Amino acid sequence: MSAPLLEVSELHAWYGESHVLHGVDLSVNEGEMVCILGRNGMGKTTTLRTIMGILRKRTGQITFAGKDLISVPLHKTAHAGLGFVPEERGIFASLSVEENLMLPPKVADGGMSVDEIFALFPNLKERRNSQGTKLSGGEQQMLAMARILRTGARCLLLDEPTEGLAPVIINAIGDVLRQLKQRGMTVVLVEQNFQFAAKVADRFYLMDHGRMKVEFPVSDLPRQTGLLHRELGV
Amino acid sequence: MTMIFGIPVQALMGQLLIGLINGSFYALLSLGLAVIFGLLRVINFAHGAQYMLGAFVTLLLLSGLGINYWLALVLAPVIVGLLGAVVERTMLSRLYKMDHLYGLLFTFGLALTIEGTFRYFFGASGMPYPQPIQGAVNLGFMFLPLYRGWVVIASMIVCLGVWLMIEKTKLGAYLRAATENPTLVQSFGVNVPMLLTLTYALGAGLAAFTGVLAAPIYQVSPLMGSQIIIVVFAVVVVGGMGSILGAIITGYMLGIVEGLTKVFYPEASSIVIFVIMAIVLILRPAGLFGKDA
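One line per chain: the protein sequences are E and L, in this order.
Heads up: the first sequence is residues 1 to 234, going by full-length UniProt numbering.
Heads up: the second sequence is residues 1 to 293, going by full-length UniProt numbering.
Simulated from the structure, these hints should not be mistaken for lab results.
Keep in mind the model is a prediction, meaning the values are calculated, not measured.
Each residue gets a CB set at the ideal place from its N, CA and C atoms; glycine is no exception.
Worth double-checking, as some hints may not be accurate.
[To be verified] The list that follows gives simulated cross-link-like pairs (lysine-lysine, BS3-like), each with its CA atoms no further than 30 Å apart: (1) E:K134 <-> L:K262; (2) L:K168 <-> E:K57; (3) E:K76 <-> L:K170; (4) E:K181 <-> L:K168; (5) E:K213 <-> E:K57; (6) E:K76 <-> L:K262; (7) E:K125 <-> L:K170; (8) E:K134 <-> L:K168; (9) E:K134 <-> E:K106; (10) E:K106 <-> L:K262; (11) L:K97 <-> E:K125.
[Said to hold, decoys possible] Pair by pair, the computed Cβ-Cβ distance ranges are: (12) L:M194 <-> E:N193: 30 to 40 Å; (13) L:G64 <-> E:G60: 25 to 35 Å; (14) E:S136 <-> L:L60: 50 to 60 Å; (15) E:V218 <-> L:R284: 48 to 58 Å; (16) E:D68 <-> L:R41: 27 to 37 Å; (17) L:P266 <-> E:V114: 30 to 40 Å; (18) E:K57 <-> L:G64: 42 to 52 Å; (19) L:L60 <-> E:Q61: 50 to 60 Å; (20) L:R284 <-> E:M102: 33 to 43 Å; (21) L:Q219 <-> E:A93: 38 to 48 Å.
[What the hints assert, rightly or not] Sample of chain E residues with no beta-carbon within 12 Å of chain L, all distances over it, derived: (22) H22; (23) R39; (24) N40; (25) R58; (26) K67; (27) I70; (28) R127; (29) A153; (30) V176; (31) Q192; (32) K199; (33) V218; (34) R223; (35) L227.
Work the whole structure out from these sequences, hints included.
As structure tokens, this is what we get:
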């Protein structure tokens with residue numbers, strides 16, 4: 001088997017003096033959709049932010065496509081092919097929908113064209129001239145994902161895409177993720193919504209107090225329900 | 001003679017035009033301040049010194065190298081902008097992670113240093129700069145020196161150009177987005193530290209451009225910046241910190257208000273802008289065009 005696209009080992013991170021990641025190990029193969037589960041405050045979002053390089057106080061190894069990212073500055077991380085969709089979505093109020101979509105620079109060939117994106121997210125096409133933050137929560141989530149898909153990033157770090165959204169919108173986002181998987185996109189998903197994650201992910205990590213507690217494939221899910229009940233209360 | 005409110009039309013229109021000329025300087029300077037504050041969150045107290053540098057570079061280019069006004073109009077902003085970039089890269093950028101007060105204190109110290117140095121070498125008295133455009137045009141109600149008409153036009157063109165650059169171009173979209181959330185924009189692969197340097201250079205260059213425009217009208221003196229900058233800060237407060245369009249409109253508006261006050265109640269003309277600032281601060285602390293914090 002070839003080397004994983006994203007390999008994280010012994011990753012430690014700090015918010016100021018506070019030690020928040022305690023040796024995270026994570027590996028993601030090309031084209032895989034991996035989901036990090038865990039209760040609030042266990043370090044899921046922090047893991048994504050640290051891999052991306054937003055949290056700078058970090059030690060350990062982050063290898064992406066054979067390249068060590070630990071010493072790479074934030075504005076060069078995206079050019080390695082990583083794209084980050086934050087939990088709060090980060091749609092810019094002073095930019096129109098179209099400007100938001102076109103904002104991130106292209107990092108590689110093979111990104112989706114604007115036409116393909118509008119085919120995948122027809123709502124965005126209709127509202128391309130609206131102010132970005134005038135969109136509904138679901139549309140903002142779509143836009144936050146769409147703008148990364150345009151850049152040609154190979155791996156998407158997706159933080160709680162279903163948070164605060166209606167079930168019908170969550171289904172739509174699930175459809176989008178399945179289409180991305182068909183296109184060969186690699187995704188690291190952080191989710192509280194276990195039902196949603198179970199439908200899209202190939203493999204799961206359970207995070208506990210700043211490190212990965214267990215790792216199992218989707219086929220193992222029935223055997224792990226007891227553990228997940230205890231850990232997540234689902 | 002035609003009268004409005006007991007004032008001759010000639011006097012009224014004349015002061016209106018003088019107000020518009022002063023407003024042209026206010027608008028350009030407060031635009032630069034607003035651009036810098038919007039992205040860097042730094043209150044650039046060195047803005048007056050950079051304006052003075054623009055005028056001095058123009059004067060020195062002429063006396064030292066024989067370079068004329070029109071070339072200086074391009075060269076001086078570029079030179080001062082480059083100096084601004086160096087200052088941002090080597091000094092100001094180290095302060096972003098600290099309290100905003102440090103940026104203010106640093107630029108204030110920088111202004112004192114630049115002005116003090118120039119005073120040491122050139123003295124405090126003003127030096128004249130020859131008029132690049134001679135002659136005047138009769139507008140019916142007053143004779144408008146052509147150069148002052150040029151100042152109004154140049155100011156409007158540059159204000160409009162900067163506004164269009166920020167609102168309509170890709171670079172402007174980066175600027176607006178980075179003003180809201182610099183970390184996220186950087187995570188997209190945009191070199192935000194470089195964007196900050198360019199922005200500070202743009203702001204300093206705008207101040208210098210204003211200084212070049214001012215050189216033939218006011219005397220070129222090391223203290224010319226500290227005189228005008230206090231008024232410009234009041235303009236920025238009235239318009240709302242960081243609002244680009246607000247800074248431009250308020251600049252012209254307050255220039256005109258100041259001019260009109262000279263007609264109706266001359267004694268108040270030097271404080272009217274500060275009175276308006278006080279009223280705005282009481283009624284709308286975020287400024288006329290500012291978003292409520």
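Each hint tested on the structure:
1. E:K134 <-> L:K262: violated (45 Å)
2. L:K168 <-> E:K57: Violated, because 37 Å separates the two Cα atoms, which is more than 30 Å.
3. E:K76 <-> L:K170: holds (19 Å)
4. E:K181 <-> L:K168: Since the Cα atoms of E:K181 and L:K168 sit roughly 35 Å apart, the hinted pair is violated (cutoff 30 Å).
5. E:K213 <-> E:K57: Holds: E:K213 and E:K57 sit about 23 Å apart, inside 30 Å.
6. E:K76 <-> L:K262: violated (56 Å)
7. E:K125 <-> L:K170: holds (19 Å)
8. E:K134 <-> L:K168: holds (19 Å)
9. E:K134 <-> E:K106: holds (25 Å)
10. E:K106 <-> L:K262: violated (56 Å)
11. L:K97 <-> E:K125: Violated, at roughly 39 Å.
12. L:M194 <-> E:N193: 30 to 40 Å: About 39 Å separates the Cβ atoms of L:M194 and E:N193, which means 30 to 40 Å holds.
13. L:G64 <-> E:G60: 25 to 35 Å: violated (58 Å)
14. E:S136 <-> L:L60: 50 to 60 Å: Holds, at about 59 Å.
15. E:V218 <-> L:R284: 48 to 58 Å: Cβ of E:V218 to Cβ of L:R284: about 57 Å, so the range 48 to 58 Å holds.
16. E:D68 <-> L:R41: 27 to 37 Å: holds (33 Å)
17. L:P266 <-> E:V114: 30 to 40 Å: Given range 30 to 40 Å: violated, Cβ gap about 60 Å.
18. E:K57 <-> L:G64: 42 to 52 Å: holds (50 Å)
19. L:L60 <-> E:Q61: 50 to 60 Å: holds (55 Å)
20. L:R284 <-> E:M102: 33 to 43 Å: Given about 34 Å between the Cβ atoms, the range holds.
21. L:Q219 <-> E:A93: 38 to 48 Å: Roughly 45 Å apart at Cβ, these two residues keep to the hinted range, so it holds.
22. H22: E:H22 clear of chain L: closest Cβ-Cβ about 24 Å, beyond 12 Å.
23. R39: Holds: least Cβ distance 26 Å, greater than 12 Å.
24. N40: holds (22 Å)
25. R58: holds (15 Å)
26. K67: The assertion about E:K67 holds, with a minimum of 14 Å to chain L.
27. I70: Holds, since 16 Å exceeds 12 Å.
28. R127: holds (17 Å)
29. A153: violated (9 Å)
30. V176: holds (20 Å)
31. Q192: holds (22 Å)
32. K199: The claim stands: E:K199 keeps its Cβ more than 12 Å from every Cβ of chain L (closest is about 28 Å).
33. V218: Holds: least Cβ distance 29 Å, greater than 12 Å.
34. R223: Holds: least Cβ distance 37 Å, greater than 12 Å.
35. L227: holds (33 Å)
Comparing the model with each earlier hint shows violations of hints 1, 2, 4, 6, 10, 11, 13, 17, 29; every other hint is respected.
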